[in-house]
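Taking the hints into account, I'd like the entire structure generated from these sequences.
Using this note's numbering, the letters of the sequence shown correspond one by one to residues 1 to 554.
Taking lysine-lysine pairs in the BS3-like style, the calculated list, with each CA pair at most 25 Å apart, reads:
#	residue 1	residue 2
1	Lys-536	Lys-462
2	Lys-284	Lys-462
3	Lys-101	Lys-65
4	Lys-284	Lys-536
5	Lys-71	Lys-101
Honestly, the hints are just simulated from the structure, not real lab data.
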Amino acid sequence: MLRIGNASGFYGDRFDAMEEMLTGGPLDVLTGDYLAELTMLILGRERSRDPDRGYARTFLRQLEKNLALAKNAGVRIVANAGGLNPARLAREIEELGTPAKVGYVTGDDLLGDRDWGPGAVTANAYLGGGGIAACLRAGADVVVTGRVTDAALVSGAAAAHYGWGPGDLDALAGAVVAGHVLECGAQATGGNYAFFGEHDVRRPGFPLAEVHADGSSVITKHPGTGGAVTPGTVTAQLLYETEGARYLGPDVTARLDTLRLAPDGPDRVRIDGVRGEPPPATLKVGVTRAGGWRNEIVFVLTGLDIVAKARLIQAQFEDVLAARPPARVRWTLARTDHRDASVQEEASALLRLVVHDPDPDVVGRALSGAAVELALAGVPGFHLTAPPGPGSPYGVFEAAYVPAHAVRHVAVLPDGTRVPVPPAVGGPGEPLPEPALPEPLPDGPARHAPLGRVAGARSGDKGGDANVGVWVRTDDAWRWLAHELTVERFRQLLPETAGLPVTRHVLPNLRALDFVVEGLLGRGVAENVRFDPQAKAVGEWLRSRYVEIPEVLL
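See below:
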């Protein structure tokens with residue numbers, strides 16, 4: 001058995017988690033995920049100012065405090081904190097004062113390999129776990145990488161330990177699934193969980209996976225830490241940012257429709273049965289680019305006639321916007337006001353204007369200053385949430401694909417030897433048949449109630465698309481949900497998705513549906529066109545909508 005823990009789900013996660021994981025119980029490997037789509041853009045801008053930057057400096061500070069502790073405990077550390085400069089980070093680690101063998105993985109940075117279009121800041125291929133495995137097999141105490149898939153941190157470590165090769169598809173797929181559960185840290189132990197009231201999640205611990213030689217695993221956490229590990233918390237994370245039954249990766253395609261979950265004791269959930277298929281023949285490349293400039297003005301509207309007040313402000317702004325029209329203009333009115341409110345804030349709604357343009361002057365202080373000029377000439381009770389300000393730069397994320405053999409994946413071993421990592425042999429899989437739906441629940445009395453009374457959900461972003469996973473916890477609830485929550489019903493419940501492509505994926509083993517909404521987030525989180533720019537709360541919005549729920553389920 002190989003015990004692999006996680007100490008970071010994003011750049012900015014709990015700083016002391018590394019120490020907690022190293023002191024909380026036995027571990028063999030400790031991983032950390034520091035990279036996200038937005039993070040790559042931030043690191044790219046940082047590197048453009050200083051070529052020695054471009055890595056997650058928080059990770060280096062964590063190692064300053066904990067590297068000796070890890071060495072004494074025999075725990076090896078694997079993290080993608082190298083970002084755009086893994087070689088520099090590796091050198092910094094070697095100079096910390098604690099003797100350690102450091103390896104790193106490179107080859108993902110493709111920015112200079114081709115023309116990625118105007119304003120490209122970063123272009124990084126998502127590598128697999130082969131380079132990580134090579135460094136660990138060479139005796140590395142610490143391995144840092146650039147852009148690898150999040151799950152590769154776990155699958156690479158497991159492949160090194162068990163000697164798996166490219167043909168061990170089922171074992172690799174099982175480890176990839178375990179890695180996907182761990183990658184977001186406390187989301188697997190009760191964080192961001194729909195049914196959070198069932199557990200004490202004031203300070204959830206970080207997860208670990210006991211990975212076995214066949215790729216099966218048990219998800220758990222250190223004894224005495226907060227939160228909980230249940231089939232529900234694991235299901236929620238399995239559905240996070242996925243796009244159907246096939247979970248594509250550079251080493252293997254994991255079939256999420258084949259896995260089985262089972263309780264294995266308190267705070268222990270077993271995952272087995274995962275089937276693996278060859279990976280695709282291409283690698284995904286995350287391209288971030290400078291998109292232009294944006295500005296945001298939020299008007300607070302209070303009391304009566306909210307809609308009429310919003311219309312007046314928009315009419316007063318017509319001439320301002322017409323004088324130098326921004327490339328994109330978006331008005332939204334959030335009806336946060338309550339009738340007959342006893343607290344002023346509860347009597348208020350928010351009118352939000354977001355503008356984008358390549359020219360900073362078009363969306364600059366002249367535009368936001370025009371809002372202030374309405375202070376004595378606009379709607380009664382007028383005020384803004386912030387003073388006028390200049391526009392700010394924004395970026396966009398795009399996914400591109402290149403042949404896997406065109407990417408130079410290299411493991412740099414602790415002694416400096418550079419080892420090429422050949423791509424896995426891949427190819428497109430045959431389309432999967434639609435899973436059979438369960439028999440519908442018999443007709444009976446129903447009650448008008450929120451969907452969240454019986455269903456959990458978790459949502460997130462994939463570039464400009466949103467993923468919404470919905471699951472239930474009993475077979476009878478699944479018989480109802482599978483027939484009730486069609487694409488048409490989904491669009492009715494979430495009207496903002498009505499004009500967008502929506503795809504539904506059915507995962508019977510998880511009693512779950514996975515919806516992918518294309519374009520809900522514009523061109524990604526960095527563009528920030530939406531109130532919830534990473535779609536983190538779309539699932540909770542869906543759970544709050546009222547539907548007719550059979551009383552037998554309530």
